[in-house]
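Chains as they are written, first to last, in the numbering used here: chain A, 1 to 215; chain B, 216 to 430.
Don't read these hints as lab results, they were simulated from the structure. Take these hints with a grain of salt, some might be off.
Said to hold, decoys possible - Pairs of lysine-lysine, DSSO-like flavour, derived with a Cα cap of 27 Å:
id, chain 1, residue 1, chain 2, residue 2
1, B, K257, A, K140
2, A, K5, B, K308
3, B, K220, A, K43
4, B, K220, A, K92
5, A, K207, A, K82
6, B, K307, A, K82
7, A, K156, B, K279
8, A, K214, A, K5
Bear in mind that the values here come from a model prediction, so they are computed numbers and not experimental data.
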Amino acid sequence: MAAIKAHGSLISTATNRVLVILYEKELEFEFVSVDMSTGEHKKDHFLSLNPFGQVPAFEDGDLKLFESRAITKYVAYEYASKGTQLIHQDSKKMAITLVWMEVEAQQYDPVASKLVWELGIKPMLGMVTDKAIVEENEAKLAKVLDVYENRLAHSKYLGGDCFTLADLHHLPTLQYLLGTQSQKLFDSRPHVSAWVADITARPAWLKVQALRKKH
Amino acid sequence: MAAIKVHGNPLSTAAMRVLATIYEKEIDHEFVFVDMRAGEHKKEHFLSLNPFGQVPALEDGDLKLFESRAINKYVACEYAVKGTQLIYQDSKKMAITSVWMEVEAQQYDPAASKLGWELAIKPLLGMSTDTAVVEENEAKLAKVLDVYESRLAQSKYLGGDCFTLADLHHLPTLQYLFGTQVKKLFDSRPHVSAWVADITARPAWLKVLALQSQQ
Chain A
1 MAAIKAHGSL ISTATNRVLV ILYEKELEFE FVSVDMSTGE HKKDHFLSLN
51 PFGQVPAFED GDLKLFESRA ITKYVAYEYA SKGTQLIHQD SKKMAITLVW
101 MEVEAQQYDP VASKLVWELG IKPMLGMVTD KAIVEENEAK LAKVLDVYEN
151 RLAHSKYLGG DCFTLADLHH LPTLQYLLGT QSQKLFDSRP HVSAWVADIT
201 ARPAWLKVQA LRKKH
Chain B
216 MAAIKVHGNP LSTAAMRVLA TIYEKEIDHE FVFVDMRAGE HKKEHFLSLN
266 PFGQVPALED GDLKLFESRA INKYVACEYA VKGTQLIYQD SKKMAITSVW
316 MEVEAQQYDP AASKLGWELA IKPLLGMSTD TAVVEENEAK LAKVLDVYES
366 RLAQSKYLGG DCFTLADLHH LPTLQYLFGT QVKKLFDSRP HVSAWVADIT
416 ARPAWLKVLA LQSQQ
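Isolated chain B (complex conformation) (with noise of 0.2 Å):
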């Protein structure tokens, strides 16, 4: 039985943010699925691993952690030796690296998932979408890809000339809005829509779709 266990759900695009990290390093885990559907989420024995009630959750041995990001860092340190360097050992590079990382989170995310939640769930689960917020979040994300743009124009990747999590973090909600109008905002930027290319295309990447496409 593997050490690492990482409870989640394939569609939920924080556990696809772990699977991305922990296929990036090859490492031997057990994916438990939790049933969203039937609210497993919010019972008890869930909630004793994210007290949030939210995918994913990870076990390795006796640590039990959540929240996507902090569980990429902390696989992304201790298995430092294994499969792809998504971290850099140098304070210097490392501290660019989480200012992109922060971009993510605290730039790009909102607006995305606003856009990933109205755009591609809401449809599926028979809602209808809210055009004013994808109007208002599609202005939003327009002005953070631009300063997308101008960055990727002198740098290979986000934190610089490597694949790492500040390009990782986005995979998943990429993914999502790449089926919706919103993927024009992407391909309208070269060096943006080169970026995703490259990262949507690496092998770990297509193993989390893979594994989507199996449930």
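If we strip away everything but chain A, and leave its shape as in the complex, we get (with noise of 0.2 Å):
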């Protein structure tokens, strides 16, 4: 049994970030799905992991994490030696990528995540997407996208030279948009573009594509 867990939903955006991380560094482990549908997530057993209620959770031996984010930092430092190198030794560089990894979190992911949820999630559920969350949330999306496109015409990744965990975190919700009218945020920006394609093509993001479409 693998020491290390990783219990989520395949349909979560932040459950999928953990996945592709651990497919990165090429480590074993279990996947543990919690079934949202019947508020596994709200129970007892689910909030020991994350009092939140929220997934996904992590377990590695005897030590438990929540937040997608925390997690990903942990592995990345944790099996440093292993598979993709997400992260840089040296603190200068490592402060760069740590900017851009906020900028995901406070800058792209609130807006991201509204459209995911108008866009991709709501038609999975039979629900109705308002239009008008959708319009602002698609004029705040241009404005990071903005920066982005100056920021990737000097850097070939976000954080600079080579992939890190500030690229990876964009993954989840960047495939549910490419599904939907948003795309097209991406496919104007020539930087951008590139820079999408290039990172969802990673053969670990594939992988979490592949067990997606298993279950």
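Both chains come to you apart, so use the hints to assemble them.
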């Protein structure tokens, strides 16, 4: 039995954020499906793993963690010598990567997540998309992507020359948005578009997609 | 001239978050005032420090950083030997601290910031408070603080036995909320209340408040 367990749901962007790093680092792990449709994530057993009742949760032996971006940081450092290098050992290079990790969490994700909910998930659940929310958040996302366009015009990846957590953290929301009208915001910005094509083609990310299709 | 420059405004919660770390680490620095009322943060010079046009920004020699939580992580690691220890070297202890740093950013801050804006800042700017937004976010914050109450019943600080960035990051919004009706949510939870009293009495935090009152 693997020491590493990832508890979550394959439609959850946060769960996918953790799965992709486990594949990038080539780690053995067990995926434990949490049935959100029956409210499993709000029951005592799961709350003992994440008191906020949200997926994913993570176990590595006795260590129990939650919040996808804390889990990915732990994995990237703890297993630094395995698989893809996703952080920098140099403190100044790592500082720049940390900046763009915060940009994903603070500038990009609040907006992208609302669009994923309205355009990606609500339709799956038979709910009606709120067009005003879509319009408002597409305008916000456009401004964020203008900054990304400038950044990626002089840096191959957000953190610098190499693919790191700063890029990886975007993958789950990106994948949802590429199937929607919001794709145009990425396509119309050449450096952003090239970066998206590059990171979504990574083998580890394709493995996450394959896992989703099997379930 | 100090190698470290902090560009910001003492009324900004994000700038205060960085100043708290700088004071805790006892680092020589220059505070460069950004006149937000004059729109200085949206002008070319500042945009070259933070393309999102938000305070704070930090320079350490040639290194230019933005996003307060990234700046703090850099400072805490780079200057680990100076002043207060704000991170753990042990990877599993640091993983737990990372979890609660993410909790601050993802669970606490969205609700706390909206309440700070409606109840503390809008009145200062002569704008009227939206009571529906206040009600909604007080309810959300109450649920978050219930989790904090349970956590702090078994852990002196959020990350473990020691004060770390996981606690520090809350200070600026806490300070604003304590001047408002939201204070009752903290006062009514004994472990949360004790934790707040402890961290807001730290000498480094009192220095940030002194700087604020000078402006």
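To see whether the hints hold, each was checked on the structure:
1. B:K257 <-> A:K140: holds (16 Å)
2. A:K5 <-> B:K308: holds (19 Å)
3. B:K220 <-> A:K43: violated (48 Å)
4. B:K220 <-> A:K92: holds (16 Å)
5. A:K207 <-> A:K82: Distance ~17 Å between K207 (chain A) and K82 (chain A) Cα, so the pair holds.
6. B:K307 <-> A:K82: Judged against 27 Å, a Cα distance of about 18 Å means the pair holds.
7. A:K156 <-> B:K279: Status holds; Cα separation ~18 Å.
8. A:K214 <-> A:K5: Since the Cα atoms of K214 (chain A) and K5 (chain A) sit roughly 19 Å apart, the hinted pair holds (cutoff 27 Å).
This entry does not satisfy hint 3, going by the numbered hints stated previously; all others are met.
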